[in-house]
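Construct the complete structure from the given sequences, taking the supplied hints into account.
Residue numbers (numbering that gives the first Met the number 0), protein chains in the order written: chain C, 0 to 258; chain D, 0 to 218; chain W, 0 to 47.
Some hints could be false.
[Claimed, not checked] Output of the computed footprint for chain W on chain C, the stretches with three or more beta carbons under 8 Å from beta carbons of chain W:
id, stretch
1, 44-54
2, 96-102
3, 105-114
4, 206-218
[Stated by the list, open to error] Cβ pair distances, simulated, as ranges:
id, chain 1, residue 1, chain 2, residue 2, range
5, D, Lys9, C, Leu229, 34 to 40 Å
6, D, Phe60, W, Asp40, 53 to 59 Å
7, C, Thr173, D, Glu125, 22 to 28 Å
8, W, Leu22, D, Ala155, 27 to 33 Å
9, C, Trp113, D, Pro192, 29 to 35 Å
10, C, Lys75, D, Trp8, 32 to 38 Å
11, W, Gly5, D, Glu189, 41 to 47 Å
12, C, Thr219, D, Glu189, 49 to 55 Å
13, D, Asp40, C, Thr173, 25 to 31 Å
14, D, Thr34, C, Trp113, 26 to 32 Å
Please keep in mind that the hints were generated in silico from the structure rather than gathered at the bench. None of the values given here were measured: they were computed from a predicted structure. All C-beta atoms, glycine included, are put in the ideal place defined by N, C-alpha and C.
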Amino acid sequence: MMQRNSTNRSDMLVMGLGLLTVAVLTLGIFMAFVYAPSDLAQGNAQRIFYVHVPMAWLAYLAMAVVFVGSVGYMWKRSARMDRLARSSAELGFLFTTLVLITGSLWGRPIWNAWWQWEARLTTTLILWFIFIGYFMVRAYAGDRERGARYAAVLGIIGAIDVPIIHQSVTWWRTLHPEPIVLDTGGPNLPDSMLATLLVCLAGFTLLYAYLMVQKTRIETVRDALAERELTALFAPESETLDRRPVAPVSRNVSGAAED
Amino acid sequence: MRRVWALVWKDLLVEFRGREFLGAMVVFALITIVTLNFAFDLSRGDREASGAGGLWIAFLFAGMLGLGRSLAVERDRGTLEGLTLCPVDAGTIFLGKFISNVLFIVIVQAVSLPVFYGLYNLPSLEPMVLLMAVIGAIGLAGLGTLFSALAASSRAREILMPLLLFPLAIPLVIGTVRATTLIFQGDGAEAWPWFNLLAAFDVIFVTLSYIVFDLVLEE
Amino acid sequence: MDDNLGYLFAAFAVTWLAIAGYLLYIGQQVKGLRDEMQLLDDGDDAAT
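Okay, structure coming up:
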């Protein structure tokens, strides 16, 4: 019998985290729409900044966690590390997609262009492809264990490449400077804007933490189930072998966004 | 280290006896260069500015072909298992494959460059171009060997390897094309910062690939 | 500048919809896992 009802205490903590997340995010949205002043040059569209920047932060944070999980897996072959990596990769992919979309929606009214080949956006686009590659290697690896190993390779190489990509795109761009550079306010950010940004950053980071907790829990259960199915299949003396409906295929390739 | 050279020698022998793919790589590179000429239809000044891009796309695609084939052939013939049975560690196998891949790519480049210069009537071939070519080949082979090993065991191997390689090799593409363009335009001295970037890229990723190759070969 | 509000709302909407969608997706996964565990438990119970 699975230990589903492990500890009520940890469930309560997670719920607390969830509630805190909602609270901070609500405050953040309020501040983004009401408290923060309008930008002189960009008008109200500038407020997208309060969602775009946190998303970018999360995308790269998620990649960093994927790196940690991948290194951990390489070092110790720990399933827990792999779960950390693949959960964070899934979230990272979600956030990276959102960075690109919000970036486009911000760019269109400001630069009159859906896209700019500037360093940060370009690096994020490549990061998006790296996440896709991460899931594809898992999906095409054939079995779970191999998938985890191959994904770890990509997690390590990809994460280390990201700063290098950023640097090379920056140098490339200085040869062909774009007329308008994305203005995130830089060091001249007024206090109210800075405060709003920090609250939003905090709220979204909490969201990431909450989603990671939930996702890793799910993956833990999935791993356990897959193990269970495997042992049931291969344990000759098990009485349940005959009566078990055998369809473990989709479970063996875990980590892909869709089963 | 001797084992590494033994592996390289084995690869070279297999290739030159069986003519598996090196010839195809060269022809493919040449055809790509010619096709790009029709695709872009550049004037003389433009060729100096944009020609390097076309050249490196040809190298990239031809290299990709060779890298993909190299490990796929091994897997198909079961020789990869044979390799893992040998008392050599994963890193040594990587180095062997890596060096032979570098050699194959450089051979393709060595044949393509004069042809490119001839077809486009560019001024004389400068050694710096060769240097950039080799530096690029090293980086390409480094990551390419790793990823072709990753992809070799999957049913989508032909598409998976480039899919993984291209995004990660972007600094390589930027560096080599920029540097080569500067050289074509006569500003060779300014190409050195790019060379440094490429050299750093090579050192980092060949080392990393060597380290993580363990993860790939375990069976 | 007010026509830019459209973009602003679109950006926020996409973000929140995506997050909500993801939460739903996680919820579905949890439900699916619960069902599967139930199935296995029933199998166990029936066998013993």
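Here's how the hints hold up against the structure:
1. Look at the stretch 44-54 of chain C against chain W: 6 of its residues bring a Cβ nearer than 8 Å to a Cβ of that chain, three or more, so the hint holds.
2. Counting residues of the stretch 96-102 of chain C whose C-beta lies closer than 8 Å to any C-beta of chain W gives 4; at least three are required, and the coverage claim holds.
3. Here the stretch 105-114 of chain C counts 3 residues with a CB under 8 Å from a CB of chain W, which clears the bar of 3, and the coverage holds.
4. With a threshold of 8 Å between beta carbons, the proposed coverage of the stretch 206-218 of chain C by chain W holds, since 5 of its residues qualify and at least three are required.
5. At about 38 Å, the CB distance of Lys9/D to Leu229/C agrees with the hint of 34 to 40 Å.
6. For the hinted restraint 53 to 59 Å between Phe60/D and Asp40/W, the CB-CB distance of approximately 54 Å keeps it satisfied.
7. Between Thr173/C and Glu125/D the CB atoms are about 24 Å apart, so this pair conforms to the stated range of 22 to 28 Å.
8. Separated by about 31 Å at the C-beta atoms, Leu22/W and Ala155/D satisfy the suggested range of 27 to 33 Å.
9. The supplied range of 29 to 35 Å is met by Trp113/C and Pro192/D, whose beta-carbon atoms lie about 31 Å from each other.
10. The beta-carbon spacing between Lys75/C and Trp8/D, approximately 36 Å, falls within the hinted interval of 32 to 38 Å.
11. Checked against the given bound of 41 to 47 Å, the beta carbons of Gly5/W and Glu189/D, roughly 45 Å apart, stay inside it.
12. A hinted range of 49 to 55 Å holds for the C-beta pair Thr219/C and Glu189/D, which are about 54 Å apart.
13. Checking the proposed 25 to 31 Å range against Asp40/D and Thr173/C shows it holds: the Cβ atoms sit about 29 Å from each other.
14. A hinted range of 26 to 32 Å holds for the C-beta pair Thr34/D and Trp113/C, which are about 30 Å apart.
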